[in-house]
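A.B. asks: Okay, here's what each chain looks like letter by letter:
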Amino acid sequence: MERKLSYVALFAALIAVLGLIPRFEIIPGIGITAQSMGVMLCGTVLGARLGGLAAALFVMVMLLGMPIWSGGVGGIGLLYTGKVGFILGFAPAAFACGWVMERMRGSVPLAAAVASVAGGMVVLYAFGIPGMAWGLGKTMGEAAAISLAFIPGDLIKVVLTAMVTGAIARARPAALLSRA
Amino acid sequence: MLSLTSPRLTPAHSWRAGSKFLALAVLTVLLFAPPQGWFALALGLLVLGAASATAASWGIFGAWARLYRPLWPFAVLLMVWHGVTQTPLAGSVILIRMAAALGAANLVTMTTRLIDLQALVLWLARPLARILPPKTLSLAIALMIRFVPVMAERAGLLTSAWKARSARPPRARLIAPLALCALDDADHAAEALRARGGVR
Chain A
1 MERKLSYVAL
11 FAALIAVLGL
21 IPRFEIIPGI
31 GITAQSMGVM
41 LCGTVLGARL
51 GGLAAALFVM
61 VMLLGMPIWS
71 GGVGGIGLLY
81 TGKVGFILGF
91 APAAFACGWV
101 MERMRGSVPL
111 AAAVASVAGG
121 MVVLYAFGIP
131 GMAWGLGKTM
141 GEAAAISLAF
151 IPGDLIKVVL
161 TAMVTGAIAR
171 ARPAALLSRA
Chain B
1 MLSLTSPRLT
11 PAHSWRAGSK
21 FLALAVLTVL
31 LFAPPQGWFA
41 LALGLLVLGA
51 ASATAASWGI
61 FGAWARLYRP
71 LWPFAVLLMV
81 WHGVTQTPLA
91 GSVILIRMAA
101 ALGAANLVTM
111 TTRLIDLQAL
121 VLWLARPLAR
131 ILPPKTLSLA
141 IALMIRFVPV
151 MAERAGLLTS
161 AWKARSARPP
171 RARLIAPLAL
181 CALDDADHAA
191 EALRARGGVR
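Residue numbers (the numbering used here), protein chains in the order written: chain A, 1 to 180; chain B, 1 to 200.
Isolated chain A (complex conformation) (with noise of 0.2 Å):
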């Protein structure tokens, strides 16, 4: 039980060190943050209940107030943006992310790359859209066409999840929650 809180907890918190240090930067020069990253790794390393419940928590905690948005905002103001959507996703994206690396065998990377794919794409901007859409006045068309723009960063954000998970896999198996 205690090690399953502190997973939950440190995840947490591995979401928002992630969205609050810009030298993460991908491409140098531009700004894509690797927040989304942290809800992708909480599914691949934490499966997808512990997953889910650390970006719920994240997400719980940013809205209190603390300022660990990417950029470094938070409150609940945010939920007038048109990020709305990204965050109310958060949770669901990892649980599914986490579900989907529970359900595969084989390669690590391989599997970490599918969930992610699944969940920090495919689930997150099945939530992120509809939010944009309602957040900016905008058609589901319009919102998911302006989407369009975060996809490649996105695909970079699941090449490095599947590393990363591999890399933990490797060097902590008994910690890849998802596997146990």
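If you are wondering where the hints come from, they were derived from the structure by calculation, not from laboratory data.
Owing to the predicted nature of the structure, the values given are computational and were not obtained by experimental measurement.
C-beta: ideal position from N, C-alpha, C; glycine also.
Heads up, some of the hints might be wrong.
Quick partial rundown of chain B residues pointing at chain A, CB under 8 Å, derived from the structure [what the hints assert, rightly or not]:
(1) ILE94
(2) ALA189
(3) GLY198
With beta-carbon atoms standing in for the labels, derived distance ranges [claimed, not checked]:
(4) A:ILE151 with B:ALA53: 39 to 49 Å
(5) B:GLY37 with A:THR139: 14 to 24 Å
(6) A:ALA145 with B:SER138: 37 to 47 Å
(7) A:LEU110 with B:HIS13: 30 to 40 Å
(8) A:ALA126 with B:ALA25: 18 to 28 Å
(9) A:ILE156 with B:GLU191: 32 to 42 Å
(10) B:TRP38 with A:VAL159: 47 to 57 Å
Residues from chain B that keep clear of chain A, each with C-beta distances beyond 12 Å, as calculated [as the list claims (entries may be wrong)]:
(11) ARG16
(12) PHE39
(13) GLY49
(14) GLY62
(15) VAL148
Use these hints to put chain B onto chain A, whose structure you have.
C.D. replies: Just chain B now, kept in the frame of chain A:
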């Protein structure tokens, strides 16, 4: 502590967190109720003006205005979009409503201590007590709040160590060691919790 709560005390700091959130909920329902048009724009401007005047009168305008940073990309996007489609009124209503709601919500966030917000969440989570005990939830929130600055510092140390060895920026190379550090810290925290009687 890492928090958006204003260190400058305002009259609203002594108001009950639940009352402030209820007032915010009512305000936003009213704000988004009218159909898009001049009345909706005027109402949005009124709420935005009231929020900024309140922030100014409480001496927290600068910090309050800085919380608008996440809105800028959307503001630019909306201006370009509605400029191209020649629907400036619709674009203005969307933008002003979003700014007004964000401003009001940020006033609540800035004038409510994190511990009061946490108490409100624990109270709201009471119906879920059988599946999510309040004590466990409270401990998870406290652990996370404690570990955000610890992990940020760890990330800074890893960056410094990288810079000592290479002239190139670390970019994404620090994510794997940071994740491994998080796992090690989680194991240490779990041992410490068990040593103190565990979570029951």
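A.B. asks: Identify every previously stated hint that the structure contradicts and give their numbers, smallest first.
C.D. replies: 7 and 15
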